[in-house]
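2 protein chains.
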Amino acid sequence: MSSNAKEAILAAARKTAQAHGYGGLSYRDLAAEVGIKAASIYHHFASKADLGAAVARRYWEDIAVELDAMLADTGDPLECLRLYPGTFRRSLEDGNRLCLCSFMSAEYADLPEAVQREAQGFADVNVAWLAKVLVMARAAKPEDGEAQGRAIFAAVSGAQLYARSRSDISQFDALIATYRASGLLPT
Amino acid sequence: MSSNAKEAILAAARKTAQAHGYGGLSYRDLAAEVGIKAASIYHHFASKADLGAAVARRYWEDIAVELDAMLADTGDPLECLRLYPGTFRRSLEDGNRLCLCSFMSAEYADLPEAVQREAQGFADVNVAWLAKVLVMARAAKPEDGEAQGRAIFAAVSGAQLYARSRSDISQFDALIATYRASGLLPT
DNA sequence: TTTTGCCTGCCTAACGACAGGTAGGTTAAT
DNA sequence: ATTAACCTACCTGTCGTTAGGCAGGCAAAA
Numbered sequence: 000m001s002s003n004a005k006e007a008i009l010a011a012a013r014k015t016a017q018a019h020g021y022g023g024l025s026y027r028d029l030a031a032e033v034g035i036k037a038a039s040i041y042h043h044f045a046s047k048a049d050l051g052a053a054v055a056r057r058y059w060e061d062i063a064v065e066l067d068a069m070l071a072d073t074g075d076p077l078e079c080l081r082l083y084p085g086t087f088r089r090s091l092e093d094g095n096r097l098c099l100c101s102f103m104s105a106e107y108a109d110l111p112e113a114v115q116r117e118a119q120g121f122a123d124v125n126v127a128w129l130a131k132v133l134v135m136a137r138a139a140k141p142e143d144g145e146a147q148g149r150a151i152f153a154a155v156s157g158a159q160l161y162a163r164s165r166s167d168i169s170q171f172d173a174l175i176a177t178y179r180a181s182g183l184l185p186t
Numbered sequence: 000m001s002s003n004a005k006e007a008i009l010a011a012a013r014k015t016a017q018a019h020g021y022g023g024l025s026y027r028d029l030a031a032e033v034g035i036k037a038a039s040i041y042h043h044f045a046s047k048a049d050l051g052a053a054v055a056r057r058y059w060e061d062i063a064v065e066l067d068a069m070l071a072d073t074g075d076p077l078e079c080l081r082l083y084p085g086t087f088r089r090s091l092e093d094g095n096r097l098c099l100c101s102f103m104s105a106e107y108a109d110l111p112e113a114v115q116r117e118a119q120g121f122a123d124v125n126v127a128w129l130a131k132v133l134v135m136a137r138a139a140k141p142e143d144g145e146a147q148g149r150a151i152f153a154a155v156s157g158a159q160l161y162a163r164s165r166s167d168i169s170q171f172d173a174l175i176a177t178y179r180a181s182g183l184l185p186t
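Chains D and V are the protein sequences, given in the same order. For the first sequence, the residue numbers in numbering that gives the first Met the number 0 are 0 to 186. For the second sequence, the residue numbers in numbering that gives the first Met the number 0 are 0 to 186.
In case anyone wonders, no lab produced these hints; they're calculated from the structure. There may be inaccurate statements among the hints.
Claimed, not checked - Partial pick of chain V residues on the chain D-facing surface, computed with a CB cut under 8 Å:
#1 Thr-15
#2 Gly-20
#3 Gly-23
#4 Ala-68
#5 Ala-105
#6 Tyr-107
#7 Ala-122
#8 Ala-146
#9 Arg-149
#10 Ser-156
#11 Ile-168
#12 Leu-174
#13 Ser-181
#14 Leu-183
#15 Pro-185
#16 Thr-186
What the hints assert, rightly or not - These stretches of chain V come out as covered by chain D in the derived footprint (C-beta under 8 Å, 3 or more residues):
#17 96-102
#18 157-166
Just so you know, these numbers come straight off a predicted model, no measurement behind them. Glycine included, C-beta positions come from ideal geometry on N, C-alpha and C.
Can you make the complete structure from the sequences, with help from the hints?
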């Protein structure tokens, strides 16, 4: 297992947190899923706050790579904006899971400070990328990119939350379509 | 106290649930706030699921009254659409609290079925009212009212979630302004 | 008019389950 | 010999929930 275990813990914790939140993370359940004992997790993470922060950090690191890869692969900022909601759609496809950042935003008041900070990192990465791509696509003036990126991020998050509460991905698709029709998302 | 206690429990539970979710509701804390003992809550609610469902139901009943009153008072559907985000803003003003429905949408997977149902009721009430008012204001064709109402509800929910994660109401205001500028919300 | 009995509203005390966390030991590789 | 990786065993605290009791009110029966 070696430091394989650490990665396995992070992966399992991420999946669980996207379904049940930071509060839904249990050392016993997590350990069982990885195939070790609960106390052994402390060998890799000093505390639950530490684990939560590591999970959230890895989460935004991953999305940062994924988004940059998308832009590099397509080379087309407008196509990227078309594909963007898909990153949220995939969580719903995967067991009706939520964006970790959304879940932690809800749990905000009960999160250790380090976890709050890393959760915000996810939003920051998304907004920064959206701002960049919007400006590249000339869908936003440079001074409006951030605000528009934030609006897209918030709206898509809300759509994901709504669709989850109905266990119905088609609701997500319909909401995204309406966002496009209204002009919030470029067509 | 009499059935005063029941109302006090409902009110305290609502406030707590908007800050910490259904999972954050504790019989002991709740009872302490109301001035009784934890076990006494069972005299009013048969189980936590029962309490949760009652809180969520009362929540959408209240918003239904509030929205209808807004329309009756102003008599102006367009003005109502302008005022609508204010209902979400007020939760943030009140201790950075979230819409109960948003919180429960996040917690969806861990909620008793009855609680899920009542939480959805809040979204239904909002979407139905928005659809009606959008059509009245001629901001949407009758066949598009529901979809547009849903989009507004989801987007405003997302804005509230984002602002909460920064403890910054001005972020909410900025997001709503961007929604308006983009055409998602009527100006 | 008094008694009986049920009802409401709340109490104390405890249950088992599970939470995060700690102390200290074992094993195997370096 | 040291360290990494994991273990058993246990701690304290909190959770929802239950059993059973107690005080006061109200209403029918005596």
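Now for the hints, and whether the structure bears them out:
no.: 1; hint: Thr-15; in the structure: 10 Å, violated
no.: 2; hint: Gly-20; in the structure: 7 Å, holds
no.: 3; hint: Gly-23; in the structure: 7 Å, holds
no.: 4; hint: Ala-68; in the structure: 25 Å, violated
no.: 5; hint: Ala-105; in the structure: 4 Å, holds
no.: 6; hint: Tyr-107; in the structure: 5 Å, holds
no.: 7; hint: Ala-122; in the structure: 7 Å, holds
no.: 8; hint: Ala-146; in the structure: 5 Å, holds
no.: 9; hint: Arg-149; in the structure: 6 Å, holds
no.: 10; hint: Ser-156; in the structure: 4 Å, holds
no.: 11; hint: Ile-168; in the structure: 14 Å, violated
no.: 12; hint: Leu-174; in the structure: 5 Å, holds
no.: 13; hint: Ser-181; in the structure: 4 Å, holds
no.: 14; hint: Leu-183; in the structure: 4 Å, holds
no.: 15; hint: Pro-185; in the structure: 10 Å, violated
no.: 16; hint: Thr-186; in the structure: 12 Å, violated
no.: 17; hint: 96-102; in the structure: holds (count 4)
no.: 18; hint: 157-166; in the structure: holds (count 8)
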